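Please build the complete structure, drawing on both the sequences and the hints.
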Amino acid sequence: MRWWARKSRAVQAKPRPLSRTLRCLLTTLRQWLCMHPTTLAMSSGFFGFFAHLGVVTALEEIEYRPQKVVGSSAGALIGALWASGMAPSEIKTLLFGLRRQDFWDPGWGSGFLKGEKFRGLLQTHLPVARVEDCRFPLSLSVYDKVQKETFVVSEGPLAEAIYASCAVPFLFQPVRVQGRWGLDGGVLDRHGMLGAAQGERIFYHHLKSRSPWRKKNSPALQVPERANMQALVLDGLPRLGPFKLELGPEAFEKGYRGAAEALDCDIKGVTTEVTV
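Counting from 1, one number per residue, gives the positions in the sequence shown under the working numbering.
None of these hints come from the bench; they were simulated from the model.
Accuracy of the hints is not assured; some may be wrong.
Using 30 angstroms as the maximum straight-line C-alpha spacing, the simulated DSS-like pairs for lysine-lysine come out as follows [said to hold, decoys possible]:
| id | residue 1 | residue 2 |
| --- | --- | --- |
| 1 | 208 | 148 |
| 2 | 92 | 208 |
| 3 | 117 | 92 |
| 4 | 117 | 148 |
| 5 | 244 | 114 |
| 6 | 117 | 145 |
| 7 | 92 | 148 |
| 8 | 244 | 268 |
| 9 | 145 | 244 |
| 10 | 268 | 208 |
| 11 | 244 | 208 |
| 12 | 114 | 145 |
| 13 | 268 | 117 |
| 14 | 208 | 117 |
| 15 | 117 | 244 |
| 16 | 114 | 92 |
| 17 | 208 | 114 |
Distance windows between CB atoms, simulated [to be verified]:
| id | residue 1 | residue 2 | range |
| --- | --- | --- | --- |
| 18 | 271 | 130 | 32 to 42 angstroms |
| 19 | 61 | 267 | 11 to 21 angstroms |
| 20 | 27 | 241 | 33 to 43 angstroms |
| 21 | 108 | 197 | 16 to 26 angstroms |
| 22 | 62 | 105 | 33 to 43 angstroms |
| 23 | 227 | 96 | 34 to 44 angstroms |
| 24 | 267 | 105 | 39 to 49 angstroms |
| 25 | 222 | 247 | 35 to 45 angstroms |
| 26 | 197 | 62 | 32 to 42 angstroms |
| 27 | 170 | 247 | 29 to 39 angstroms |
| 28 | 127 | 96 | 14 to 24 angstroms |
| 29 | 217 | 61 | 18 to 28 angstroms |
Every value quoted in this text rests on a predicted model; they were computed, and no experiment measured them.
Even for Gly, the Cβ is constructed at its ideal location relative to N, Cα and C.
Encoded structure:
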């Protein structure tokens, strides 16, 4: 064997360790988001869309662009509006001007509200008509009322898909989506991640639930254990509802400031939690 072959083999047998500088490069959530393409996931949460919008606004300011958007209920609403091409400032104008009468249309059926006003509001403001026409790939979780299972909507009429994922049982009536009677995707997929592939790199905004009908230790209330994910939890958001829309601006502001702070926090685990 030649002497240079022996030397080459010896060098390969002792790989150099990463320098301390390289090991410390990835320290903050902002840097993690910029490192590789990432899917944005947002959970359900009763009228939690104001806080989600605050987070998206902070992400927009650092010019973050997701490779894909997934979500359920409130997360589906904000994710879809952003994916459709609306700027966070446009969504903010829409939500801050929202009044209960804009979507309040009681009628006979399996839900108190018919949902026609809600769908009409979406159709008026959405810049695209179909899910597949969004600027980011979009997958929304919807609950099948008949089969009692969650399915994912990645194509078809956008307004109907958003409405179905947001249609809280007994408050809103179901709507037909892909030939199925669709209701709130958060019924079984509160995290809104069914539309994400296993191992997909995800940034997840988790809204804490205070719903009295969920069991205290329910997995739906916890940040899911998932590889290749970073999660954000904001503690201290106000609880909203159709009769508490005036708290929306406060929830937005806390969501925005909390997310902006979290972006520069050192990553110490899967979840970054900020008190707002």
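Each hint tested on the structure:
no. : hint                          : verdict
1   : 208 - 148                     : holds (24 angstroms)
2   : 92 - 208                      : holds (22 angstroms)
3   : 117 - 92                      : holds (19 angstroms)
4   : 117 - 148                     : holds (26 angstroms)
5   : 244 - 114                     : holds (20 angstroms)
6   : 117 - 145                     : holds (21 angstroms)
7   : 92 - 148                      : violated (34 angstroms)
8   : 244 - 268                     : violated (35 angstroms)
9   : 145 - 244                     : holds (28 angstroms)
10  : 268 - 208                     : holds (20 angstroms)
11  : 244 - 208                     : holds (18 angstroms)
12  : 114 - 145                     : holds (16 angstroms)
13  : 268 - 117                     : violated (44 angstroms)
14  : 208 - 117                     : holds (28 angstroms)
15  : 117 - 244                     : holds (19 angstroms)
16  : 114 - 92                      : holds (25 angstroms)
17  : 208 - 114                     : holds (28 angstroms)
18  : 271 - 130: 32 to 42 angstroms : holds (35 angstroms)
19  : 61 - 267: 11 to 21 angstroms  : holds (20 angstroms)
20  : 27 - 241: 33 to 43 angstroms  : holds (39 angstroms)
21  : 108 - 197: 16 to 26 angstroms : violated (41 angstroms)
22  : 62 - 105: 33 to 43 angstroms  : holds (39 angstroms)
23  : 227 - 96: 34 to 44 angstroms  : holds (38 angstroms)
24  : 267 - 105: 39 to 49 angstroms : holds (45 angstroms)
25  : 222 - 247: 35 to 45 angstroms : violated (25 angstroms)
26  : 197 - 62: 32 to 42 angstroms  : violated (25 angstroms)
27  : 170 - 247: 29 to 39 angstroms : violated (23 angstroms)
28  : 127 - 96: 14 to 24 angstroms  : holds (19 angstroms)
29  : 217 - 61: 18 to 28 angstroms  : violated (36 angstroms)
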